[in-house]
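A.B. asks: Each chain, letter by letter, is given below.
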Amino acid sequence: MKPFDVIVIGGGLAGLMAAAVAADNGQRVALLTYGSGSLPLASGAIDFLNAKAPDVAIKNLPAHHPYKKIGLKACDAAAKFFVDIAAKADLPYNGRLSAQIPIVTAVGTLKYSALVPESMDASNLVNKKKIFVVEIKGLKDFYAAMIVDNLKKIFPDKTFEVAKLDLNLLGGRDITCMDAAQIISVNEQILADGLKTLDVGDDDAIIIPPIFGLEGNSSRAAIKSQLRAEILETTCLPPSPTGIRLQRAFIKYLQSSGVRIFENSKVVRGVVDGKKVTGVVVENSVREKVFPARKVILATGGFYSGGITMRDFDQPREPIFDLPVFFPTGAENWSNEQLFSDEPQGFSMTGIFTDESLRPIDESGEILFENLHVVGANLGGSDFVFERSAGGVAISSAYKGATS
Amino acid sequence: MEKATVVVIGGGATGLGILRDLSMRGVKALLVEKNDLVNGASSRYHGLLHSGGRYAVKDQEAARECIIENQIMRKIGKSCVEPCGGMFTRLDIDDEAYEELWVKGCKDSGIEATPITLDEAFKLEPRLSRKHVKSAYLVPDAAVDGFRMAWQLVDSSKRYGGQVKTYTEVIGFDTVNGELRGVKVRDQFTGEEYEIGCDIAVNAAGGWAGFVGKLAGVEIGVQPDKGTLIAFNQRIVNHVVNRLHKSSDGDIFVPHGSITILGTSSMSVPNPEDTSTSRAEVESLLKIGEQTFEDLRDFRILRTFAGSRPLYIPPGGAVGRSASRGFAIVDHDNDGLKGFFTIVGGKFTTYRLMAEKMCNQICAKLGNDTPCRTAEEPLVEEVSQEDKDRAKKFFPSYGVNLAATRLGVDRFKKVVERLESDPESRELVCECENVTRAEAEEICKDDTSFIVNDVRRRTRIGMGTCQGNFCALRAAAVFSEMGVEPTAKDSLARLREFLQGRWKGIRPVLLGRTLRETEMTRAIYELSMNVKGGAPQ
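Which chain is which? The protein sequence lines are P and Y, in order.
Mapping to our numbering: the first sequence position 30 is 42, numbers consecutive.
Mapping to our numbering: the second sequence position 127 is 325, numbers consecutive.
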């Protein structure tokens with residue numbers, strides 16, 4: 013096999029982004045995926061940091077934080093690149109790094125992100141007169157009454173109404189947002205007709221579960237054109253159509269830009285020559301195969317995706333290159349008493365430390381491989397949940413890793 | 199003033215057993231519990247229905263009691279008992295001489311212990327260590343569900359007029375001239391304090407018996423002894439697997455449905471409220487456990503939990519593992535307080551016998567000569583095949599049986615009617631434990647459901663593989679809609695509290711695939727749902 017310019021290991025947000033950036037730079041790219049990454053779990057909104065102005069807050073982070081290695085310039089470029097290719101794949105996003113946009117969650121709180129799908133952007137909710145929260149008969153996991161109860165605490169002066177539409181979805185089994193989105197992607201008119209039965213004024217908003225199809229913006233656009241009120245999607249329990257839309261948008265973009273995607277390809281180890289990685293070994297059900305590469309991007313994720321594993325206490329591992337993994341030692345530093353804590357969780361800070369080109373380093377700071385770049389959730393030094401940086405670190409480290 | 203002939207203090211197996219026994223004998227009885235039912239050792243344990251094998255050498259009286267009660271429980275609590283059988287295995291590091299003593303002890307205590315070849319043992323329990331296991335015996339151990347048994351005891355008691363008040367804490371006693379007149383209590387949610395008049399009060403508060411005694415001015419020798427256990431996400435064993443050696447930490451595995459519980463440690467603690475667990479305890483249990491099952495660490499741990507056995511310490515008696523697992527009944531008439539009894543010690547397997555003996559004494563005082571019938575009458579009627587068949591149209595037969603045993607005849611009928619008439623009520627709120635929305639609603643609207651954890655204990659929502667990742671949102675939402683208590687309305691607080699409860703048991707076992715689940719919990723609830731609320735500052 014002819015060596016690829018870049019091999020990206022991992023099909024989550026960081027891997028998809030890295031492959032897109034590398035391809036955009038004219039490189040011959042292979043993307044090796046195993047499993048579906050964590051996008052089906054995610055809202056699709058890209059959090060950068062839990063601060064009014066993430067770009068300002070990034071400057072004040074400690075030196076070991078991934079953003080400090082990545083730098084604000086790459087973060088900015090990554091955000092622009094992201095919004096740009098999402099738009100090319102017909103998935104419009106709003107936002108920038110200097111502000112936050114609210115979206116409505118499935119429990120009726122607001123969640124704030126720097127870049128959000130247009131279909132979820134709840135910035136204008138404050139200006140609305142009446143807010144309709146729409147349940148779909150037979151659709152599971154969407155509880156309009158609870159959403160209204162909790163939204164009322166944020167918007168005490170607004171009028172709310174719970175509405176229930178029957179779109180004939182009830183069948184022999186549970187219907188999730190994924191199922192509903194699938195149905196609506198082939199027949200958006202049933203939702204449009206249902207929403208039209210509501211007594212909605214121009215200044216009102218409609219909140220629905222995330223069911224505007226599974227691909228791009230076409231279902232939403234078709235429905236939106238028939239109604240004057242603003243329609244907003246919420247987040248939901250996984251699998252999440254809004255996360256899957258983003259995943260599909262990326263895959264569509266990668267396919268159009270010539271990236272070779274090898275699914276179900278489990279990378280078991282690297283092929284190395286001194287400080288150089290020359291390829292990776294992929295294992296499928298029947299055999300092992302070597303994929304030669306000039307540069308490798310490791311986007312295998314953290315504990316959730318198996319990019320970092322830990323069978324025994326205090327012994328986390330990076331299973332492909334056996335890279336040194338930074339972690340807080342001892343039970344008392346590993347986790348906090350509260351699950352939803354006011355401090356970062358130690359276990360979530362676990363990961364690989366790198367230089368400014370995101371190449372893995374050891375304890376003394378020495379670069380371990382010159383052409384291996386670590387991106388996404390396997391980077392150490394940040395609790396992406398606590399600080400709300402999951403998507404931001406993924407896309408900006410991917411951008412930096414692919415351009416370094 | 200509210201009145202009962204007997205007030206039973208403590209909603210564990212012993213207290214509930216007494217409530218049932220008294221009610222069946224026609225005595226007006228009321229049980230008060232400061233938390234939810236079986237919040238102490240009656241659920242924080244292995245869920246092992248002892249054959250008595252464990253006590254065959256050290257305490258043959260306890261062993262004999264166990265095997266008799268074991269047979270009774272299988273009969274009266276059929277749907278609470280999983281008759282999986284038990285196996286005792288001696289490892290190469292265990293004392294051979296003990297095996298002989300044990301075989302004789304079982305024989306003397308009336309416990310059938312059948313020797314089997316190692317080949318048979320490995321066939322029955324393929325994961326047993328081929329390196330270490332040297333001999334094996336089968337005994338009639340079984341698994342028993344403490345939660346289910348508790349609710350069935352309540353249902354049975356209610357049929358005979360028994361009453362239960364949960365989240366009702368005893369704060370004092372009303373006595374006149376050394377004679378008990380009533381029990382003073384406080385409602386844990388409203389803070390309201392009131393008195394329940396009674397002739398007799400029974401202190402069956404388990405690990406808390408000492409505190410309750412103090413309120414009445416009597417000294418009770420009870421030592422809370424904390425035991426830590428680990429729940430694995432798989433059924434690692436088919437039988438209850440015991441180490442054949444002198445009883446020690448971490449030497450019993452009990453299968454329950456789709457999980458396995460390993461335990462336990464034994465540590466004297468000052469406070470029975472201490473249900474904390476630590477990485478060190480988990481590590482030590484795993485170290486012992488992997489002597490019997492070498493690949494133990496490859497299984498995903500669901501959580502760890504701990505409870506305190508209420509060990510009875512007679513004046514000058516032993517503590518810890520050498521303390522007796524027997525029980526004691528104290529009539530405090532001898533301490534100058536007429537009408538006040540304490541029952542303490544014992545074990546889950548013999549709760550019925552303890553209750554019987556306690557009630558015999560109470561009834562003698564009351565001049566009631568109705569005999570005890572708790573060993574003959576089943577706790578609950580069985581759900582009819584006809585009702586089960588109706589339910590099977592809407593969910594898998596595995597789930598039907600779970601729901602039938604959880605709900606009992608009357609509630610099951612109601613739930614099936616809901617399933618038939620409202621298709622939306624058929625959705626699964628909890629996939630792991632097969633709980634339909636109809637069932638969740640039925641339990642949520644019960645006036646004993648104050649927080650989502652109360653619903654969890656009765657439905658098992660959140661206790662399975664996902665540990666609440668998917669069902670927490672649904673449970674909090676259904677509860678906020680259906681719950682009758684004002685606490686139900688604050689859905690975000692209930693949701694956080696529920697997940698925090700799960701977290702408590704996950705934290706000390708945060709490794710392997712459990713880490714993965716935790717990252718998922720946080721991604722869903724902190725990132726996608728922002729359950730903490732608030733905006734960036």
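Don't take every hint at face value.
Claimed, not checked - Chain P regions said to be covered by chain Y (calculated; three or more residues, Cβ under 8 Å):
no. : region
1   : 44-51
2   : 90-100
3   : 121-129
4   : 197-208
5   : 342-348
6   : 380-388
Stated by the list, open to error - The following label-pair restraints were derived from C-beta to C-beta distances:
no. : chain 1 : residue 1 : chain 2 : residue 2 : range
7   : P       : 178       : Y       : 456       : 33 to 41 Å
8   : Y       : 328       : P       : 185       : 37 to 45 Å
9   : P       : 72        : Y       : 620       : 48 to 56 Å
Unchecked claim - Quick list of in silico lysine-lysine cross-link-like pairs, DSSO-like style, CA-CA up to 30 Å:
no. : chain 1 : residue 1 : chain 2 : residue 2
10  : P       : 149       : Y       : 382
11  : P       : 165       : Y       : 687
12  : Y       : 363       : Y       : 321
13  : P       : 170       : Y       : 382
14  : P       : 176       : Y       : 382
15  : Y       : 412       : P       : 149
16  : P       : 170       : P       : 141
The set of hints was computed from the structure by calculation and includes no laboratory data.
Quantities reported herein were computed from a predicted structural model and do not represent experimental measurements.
Using N, Cα and C, we set each Cβ at its ideal position, and we do this for glycine too.
A.B. asks: Check each numbered hint against the structure and report the violated ones by number, ascending.
C.D. replies: 1, 2, 4, 6, 10, 12, 13, 14, 15
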